[in-house]
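Enquirer: Letter by letter, the chains look like this.
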Amino acid sequence: MVTKPETDQPDNWERQLKKGWLELAILASLRDESLYGLEILRRLEEGTDLVVAEGTVYPILSRLKAEGLVETKWVEGEAGHPRKYYRLTSAGRSRAAAMARYASGFLGSISRIIAPLLAKGEK
Amino acid sequence: MSQSDVLQKRIDSYLAELRRCLGELPPEEVHDILQEIRGHILERAEASGDLTEERLVAILKALGRPEQIAPLYQVDSVVAKARVSLSPRLVMRGIQRWSSVSAWGFVLFVLGVVGYATGFSLMLSAVAKIFSPDKIGAWIHGGSFSIGTTTDPAARDVLGWWLVPVGLAVGVLVVFGTTRLLRWTLRFARIRRPTGQSVVA
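Chains as they are written, first to last, in my numbering: chain U, 1 to 123; chain C, 1001 to 1201.
The reader is advised that the hints may include incorrect statements.
The list that follows gives simulated cross-link-like pairs (lysine-lysine, DSSO-like), each with its CA atoms no further than 30 Å apart [said to hold, decoys possible]:
hint, chain 1, residue 1, chain 2, residue 2
1, C, Lys1061, U, Lys73
2, U, Lys65, U, Lys18
3, U, Lys18, U, Lys73
4, C, Lys1009, U, Lys73
5, C, Lys1061, U, Lys18
6, U, Lys73, U, Lys19
7, U, Lys19, U, Lys65
8, U, Lys19, C, Lys1061
9, C, Lys1135, C, Lys1061
10, U, Lys65, C, Lys1061
If you are wondering where the hints come from, they were derived from the structure by calculation, not from laboratory data.
One chain only, chain U, in its complex shape (with noise of 0.2 Å):
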């Protein structure tokens, strides 16, 4: 994957981190049915605040896709408008999986270090 560190500036760094999880976390919140954008994002808002603009759920989508991660399907509702339903290839199955398990790892590592920083009398 191409990626451009140069444009990373220092007041973004809360944006950088939030968008790899972001990413991570829409896979897992497809993990067992196909959704449309909304639902997913619902569902972010529901448990997180990793969604700092909305919009920015749809390029991530629209990314995953391209990389094969993801399948689209459009469908006529109810809704009175069409719906983009998201679903996990195999390929963005397991993913998820290697991400999962790199998070996880990288997560406690990562509480390991921020431990003393969280401990009384910092501030």
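Given chain U, work out where chain C should sit, using these hints.
Expert: Chain C in isolation, oriented as in the chain U frame:
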């Protein structure tokens, strides 16, 4: 103008601005994106019951400004440049970027190398014929055909001086054709900029 007209107009102008910012993407992709975002706005609006202008403004604000969202859909800038370039160097750079993420990109990269090598060596042979007419030719020897130099004394030069104009013309055509073909295939390369880097919420 009624209240609902005002709201409709706001939605339309948001989508029109998004369409403008999406500019360089293929039309069918733009259509898909607009349809999806439109669905998002309508469904958020329905969920809020009585839709007021403040409510709609809040929905659009939560979505983000079109000029913030649109760049996240844009393809990688190297690929974007290659799509409109006539320079073999730029086109090959775009294909190379594509080949780093896709097997199709790799196949086309190989095709590009073969195409450009063929085209340029034809042109080179045509020019070399002028300076070294005895050594350079379009040879038939032992049932096979080759252009350039030959070590086979029995080889027969079938084009003679014609190699100069024919080699140049066919060479240019092959290079140009390769460029057009590769550029066309880049339409299908979906390589994004890393998502999220330029969004200010």
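Enquirer: If a hint holds in the structure, say so; if it doesn't, say that too.
Expert: Against the structure, the hints come out as follows:
no.	hint	result
1	C:Lys1061 - U:Lys73	holds, 27 Å
2	U:Lys65 - U:Lys18	holds, 20 Å
3	U:Lys18 - U:Lys73	holds, 27 Å
4	C:Lys1009 - U:Lys73	holds, 29 Å
5	C:Lys1061 - U:Lys18	holds, 20 Å
6	U:Lys73 - U:Lys19	holds, 25 Å
7	U:Lys19 - U:Lys65	holds, 16 Å
8	U:Lys19 - C:Lys1061	holds, 20 Å
9	C:Lys1135 - C:Lys1061	violated, 72 Å
10	U:Lys65 - C:Lys1061	holds, 26 Å
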